[in-house]
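Novice: Sequence:
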Amino acid sequence: MRADAQRNRELIATTALDLLARRGPSVSMEEIARAAGLGVGTLYRHFPDRQSLLDSVAATTLRTLLAAGRAEQSSTRPRWQVLVRIVARCTGLPLALISSLPDATRVDPTVAELVAELDALFQGLVEDAQREGSLRADLTGAQVVGLLNVAVCRPGARADDPLTTVLLDGLRARP
1 MRADAQRNRE LIATTALDLL ARRGPSVSME EIARAAGLGV GTLYRHFPDR QSLLDSVAAT
61 TLRTLLAAGR AEQSSTRPRW QVLVRIVARC TGLPLALISS LPDATRVDPT VAELVAELDA
121 LFQGLVEDAQ REGSLRADLT GAQVVGLLNV AVCRPGARAD DPLTTVLLDG LRARP
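Residue 164 in UniProt numbering sits at position 164 of the sequence shown, and the numbers go up by one each step.
These are calculated hints, taken from the structure and not from any lab test.
Hints are supplied without guarantee of correctness; some may be wrong.
What follows is a set of in silico ranges between Cβ atoms, one per label pair, in the way DEER data are often shown [what the hints assert, rightly or not]:
#1 A68 to G39: 13 to 21 Å
#2 R70 to R22: 25 to 33 Å
#3 V166 to G39: 43 to 51 Å
#4 P109 to S26: 24 to 32 Å
#5 D161 to A68: 39 to 47 Å
#6 R131 to R2: 49 to 57 Å
#7 L139 to A3: 32 to 40 Å
#8 R174 to A142: 35 to 43 Å
#9 S26 to G133: 36 to 44 Å
#10 R131 to D49: 23 to 31 Å
Cβ atoms here follow ideal geometry from the backbone N, Cα and C, with glycine treated the same way.
With these hints in hand, go ahead and build the complete structure from the sequences.
Specialist: Rendered as structure tokens:
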């Protein structure tokens, strides 16, 4: 791929990521092209349809989050702190996009694999935090991951918004 074409592709993906994180999955292809300072034709040359752009952004987002999660997981911080730090990281990403992707029969296999890896990472952290005694033990890892998805997989999610803080407060183990 030519250098200018690669720059345009990266610009489209970065712009889409930003707009999707701020405004949710309803952002149009035209809005993305305009915000990137490119024509719609350029966008469609790189991403033949909306789904291919969304799959690309979802995969990039999930890889970024998975790398950050693995780095946090290997830290010596208490597991509760690690979980809260990853939740904070999640709120800055367009995770609402992933939850809005079409039914599983049409989801890109790479995206599905990354979601499964991320769920496993989160469930492991939840179980570690439960063993540590910092997270309630009356919920399964899958239940906690589902609750965290409610908080972070929505447009405009923030680490300090009421839904996220109340949810985390409710998950915290009490002496």
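Novice: Does each hint hold? Answer for all of them.
Specialist: Hint check results:
1. A68 to G39: 13 to 21 Å: violated (34 Å)
2. R70 to R22: 25 to 33 Å: holds (26 Å)
3. V166 to G39: 43 to 51 Å: Taking Cβ atoms as reference, V166 and G39 lie about 45 Å apart, which means the hint holds.
4. P109 to S26: 24 to 32 Å: For S26 against P109, whose Cβ atoms are near 25 Å apart, the range 24 to 32 Å holds.
5. D161 to A68: 39 to 47 Å: Given range 39 to 47 Å: violated, Cβ gap about 20 Å.
6. R131 to R2: 49 to 57 Å: About 52 Å separates the Cβ atoms of R131 and R2, which means 49 to 57 Å holds.
7. L139 to A3: 32 to 40 Å: violated (50 Å)
8. R174 to A142: 35 to 43 Å: Once the Cβ atoms are compared, 22 Å apart, the range 35 to 43 Å for A142 and R174 is violated.
9. S26 to G133: 36 to 44 Å: holds (42 Å)
10. R131 to D49: 23 to 31 Å: violated (45 Å)
This entry does not satisfy hints 1, 5, 7, 8, 10, going by the numbered hints stated previously.
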